[in-house]
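Residue numbers (UniProt numbering), protein chains in the order written: chain Z, 1 to 501; chain F, 1 to 365; chain B, 1 to 240.
What the hints contain is simulated information worked out from the structure, not anything from laboratory work.
Treat the hints loosely; a few may be bogus.
[To be verified] Derived pair list, reagent style EDC-like, types lysine to aspartate or glutamate, alpha-carbon separation capped at 20 Å:
1. Z:K154 with F:E272
2. F:K228 with Z:E370
3. F:K313 with Z:E132
4. F:K228 with F:E249
5. Z:K304 with F:E277
6. Z:K154 with F:E277
7. B:K122 with Z:E271
8. Z:K492 with F:E223
Bear in mind that the values here come from a model prediction, so they are computed numbers and not experimental data.
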Amino acid sequence: MSMTAFAPNFEVLRDMDRCILCGKCTRECSYGVHQFSADHKRLHADEAKCVNCFRCVAACPTRAIKIIRNRQAVNTSTNWSANNLREIYLQAATGGVLLSGMGTTKSYPVYWDKLLINAAQVTNPSIDPLREPMETRTYLGRSAVPVRRDPAGKLINTLPPHLTIETPILFAAMSYGAISYNAHQALAQAATELGTLYNTGEGGLHRDLYQYGANTIVQVASGRFGVHRQYLEAGAAVEIKIGQGAKPGIGGHLAGAKNIGDISKTRMIPEGTDAISPAPHHDIYSIEDLRQLVYSLKEATAYKKPILVKIAAVHNIASIASGIARSGADIIVIDGLRAGTGAAPTQTRDNVGIPIELALAAVDTRLREEGIRNHVSLVASGTIRNSADVVKAIALGADAVAIGTAALVAMGCHMCHSCHTGHCNWGICTQTPELTKRLDPGAARDALVHLVGGWTHEIKEMMGGMGINSIETLRGNRLMLRGIGLTDAELKILGVMHAGQ
Amino acid sequence: MLKEGQIRIPSGCAISGVIDLEGGGVCGEEMIRSISVMHDRSNGLGGGFAGYGIYPQYKNLYAFHVFYEDQSAREECEKFLDRHFDIVNLSKIPTRKHPRITDAPLLWRYFLTPLATKLSHSQLDEREYVVRCVTRVNTRMKGAHIFSSGKNMGVFKAVGFPEDVGEFFRLEEYEGYAWTAHGRYPTNTPGWWGGAHPFALLDYSVVHNGEISSYDANRRFIEMFGYKCSLLTDTEVITYVIDYLVRREGLSLLEAANVMAAPFWTTIAQQEPERRERLTFLRQAYSSLLMTGPFSILVGFEGGLMALNDRLKLRSMVIGERGSRVCIASEECAIRAISPELDRIWSPKGGEAAIFRCKEEAQCQ
Amino acid sequence: MKIDAHHMDYLLLNQAVRRQTDSEVEIDHCLGQRFIGTGLANKTLVINGVPGNALGAYLDGGRIIVRGNAQDATGDTMNDGEIIIHGSSGDATGYSMRGGLILVKGNAGYRAGIHMKSYGEKSPVLVVGGAAGSFLGEYQAGGLILVLGIGCEDRAPYGYFCGTGMHGGRIVVRSDHIPENLPDQVAASDLTPGELEQIMPHIHRYCETFGIDPQSLLPHRFYVLTPNAKNPYQRLYAMN
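Produce the entire structure from the sequences given, and follow the hints as far as they go.
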């Protein structure tokens, strides 16, 4: 083991009383942490490589392994954290741009945890969701249409196409390439079973998954990977990806190592090349150009599919969203600062953008001030961690939410923040065949169905508690929220009163 | 203490209404008798009435009923009215001294019509012009509140039990083809008269019993269209929603009811195709105007009344019919009080509007 | 079949085109209507006038002939078929092309052939007769861009930053001039006789289509720009 400038993040503790030298850990760890000694009589751990993904701990037949955070004292100061120092050593050694996986590790305020939900008492009855009807079905799309009648006076349905979801929870865009085929299949099947939608992300759609098209949103990003007429027609809707919360202003970059086999076939680029789709779209340099792309996609799909536009939550988000609402988009997806990613430059991930709660509230308020809130539906994403977050997002003004990280965790992700390495030991965020086969798509599908099903029950419980039996009357119903420990500025932006008021 | 408009105050209530389908005269005193039977559903913190067909001599003029906190508010408001309307008649609203009605604001009534030049400059439809003027006074002018603005109708309301309010306003001196009445049971109130019900805009007036859980979703949606919910009461937002759907969007009252009390999706799926299509369209297009939680409302409009319950029917409502008379109330006793004998008595189903209109010739009288 | 596009908006025009059962459709008085031929697979469209942006987006076969100039984003994400422009084209011509052929008689604007890609049999070709703007072949991942430089033999027939981010495909240029400051990811080398042989069909196609004598273009020096590496940014990152 070579000399390191910095103590490894983790210690690998092996209980030699329990270890039977079976070597399973050496086979399970794709990072090469566990190694036999030359005489095969001992097992060593190269702790510098350990990411604490839990795989060896779970796989060890005698429970002999334990990973703990390194107890090594690091000299820090008020201004310089151990992490600051570690990153400097790393860059001093490599000269590289720091690259990270998953969402930010910085501790920005989580406003979900500073919002409290209301319940009915006396003046209005709460409703028992187990026995009385409780509606979570949501339609996404433009609902502002003129009232027209036929000569007999019958109302004409002038609504453009909508997406119908049985619960206000979508699976967020994660590309085939960033995550494995098995993970995509699990998402597609779970979405179908749940009556909701998953999102291809920007890597195209594998031929074998076209059968789940009715529950698929196909994405078009600046690199246009795997985009062609059949792809656009395959999905229930088309999403234009402008940006994502984890890396606003930055595009995708799938390393050539992950661009192999069916990935490259699906993306329609040669194997082994980097798949780069840097921001921006090169036919969108201004808001009126967005209209052009929106309508080119509508033309290509004969106006039968809603068009989503996904943007990262940035400072001027309210105006941007209002521009998008006027561009012909049917649904706007806003992805917040704390959102996850397969790979993003660390400094961008940790410092660019604003939290989803503030962005969502600001957008919903602005669209209403401008009288165009019903021209679009809003989907919020970027750290939706439980059903209460969903309820709060909808009360702030979202029509639905999208979950990415939560879905990955349900499938077995242990949040080791190493997606960008391509070595995911759980077979989710990797393309190495020995690793991808570790993810059982059937079990992963069931896990997703369980998670979203459980959340939906909880949402109904909370709705019933508020005396609400239809999700649309929770949407933007901010009186159902109170802030706790928030400043006047935060309360004003969120449009809620403080608890006790 | 914050008054209505600064804070949302939940209330329970009693409602009652009567209409003569032949357009025959119904005396205000009858309405007082009806609502007074449900005394225990009110707590003395608000009562009121709306009478239709009560100003036949001025039936082509808008009748504004206004509360003023003081003379300076009146002077300011009258200057505004003078600039925008041709005021044909103005007077105090007649009242009598009443031991249980106190702290009355100044009560004035104006019969007026929009100034033709102003109206044409505004490029607005006449009713929209009137709505904007009323909204302007109620949101911008301190101490002035226009609480009735329709033609050939008028709202009378105050802090107190409804029967006392009726006596205070001398309603026995009025006769109309339809009335609604309201007794309020707010959880608390600073005793502001504007907070009492009915709430009215143009000829739409609403009395409501219940508390809608969808309030803020409905409010924040309707405010996109120029309405300003200044009282933060359910009744106010319901009135605006009806005005928006019927007057501005051109829906029928029945269609508006299908929006506000849309059936469950599972219920819609069971309807025959044409009805299913209509209900689906209305619910999708106006999803933010669905109202959940308990409500029973009586909507007064030119020539008729509409009764509507929430879709779960969490509030009581009874309809009694006798000859050309239809009475609607929270409790049967309020109907029997003025019409002991009935041809038919029934309760409308949750979410199903009952609409009663005077015969056309009757309305024109 | 002819369609008079005078005073028609793009919705009407494109509906009219889609409804046509004739395999050949001619559009007269075209003026700025967008998305003409979007996703079309089996027709020949002849356009007289100036078609609007995103002409032939997601084109899936057939042929679009423009008797005049084309605007921006022509052939955006086209998959198959041909777009033939008897004039010049605007910015982002052939954006994300993944198959088919675009022939531009004159010049192309900025960012022509950006994000062009290829896979297996599918390999798009963009031929520009005159000069292309800056950022030609930006992020190119596959396919062929051929710039003939007719009328600008005295300089490189493209602007600055040619092939920036390029990691696949080829840009073949008929010119004596190679700029000194090509991006790091791009390498230039003279075309071998064998390579020239390979692209000759495209040159002939261009000449036939626009009535130009091939002898006027040949012999001439040709060079090819190719990416230095498939993974130009591999060394950029430090795994954190």
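(message) Run the distance test for B:K122 versus Z:E271: straight-line Cα separation, threshold 20 Å.
(response) Between B:K122 and Z:E271 the Cα gap is close to 14 Å, so the pair holds against 20 Å.
(message) Next pair to validate is F:K228 with F:E249; report whether the Cα-Cα distance is within 20 Å.
(response) 18 Å, holds
(message) Hinted pair, alpha-carbon criterion (20 Å max): F:K228, Z:E370. Please report holds or violated.
(response) With a Cα-Cα distance of about 14 Å, the restraint between F:K228 and Z:E370 holds, given a limit of 20 Å.
(message) Given the hinted pair Z:K154 and F:E272, is their Cα-Cα distance within 20 Å?
(response) 15 Å, holds
(message) Need the status of pair Z:K154, F:E277: alpha-carbon distance at most 20 Å?
(response) At roughly 10 Å apart (the allowed maximum being 20 Å), F:E277 and Z:K154 satisfy the hint.
(request) Would you mind confirming whether the straight-line C-alpha gap from Z:K304 to F:E277 stays at or under 20 Å? (result) Between Z:K304 and F:E277 the Cα gap is close to 18 Å, so the pair holds against 20 Å.
(request) Measure nothing beyond the straight line between the CA atoms of Z:K492 and F:E223; if it is 20 Å or shorter, mark the hint as holding. (result) 18 Å, holds
(request) Would you check the hint for F:K313 and Z:E132, treating anything up to 20 Å between C-alpha atoms as holding? (result) 13 Å, holds
Of the numbered hints listed earlier, not one is contradicted by the structure.
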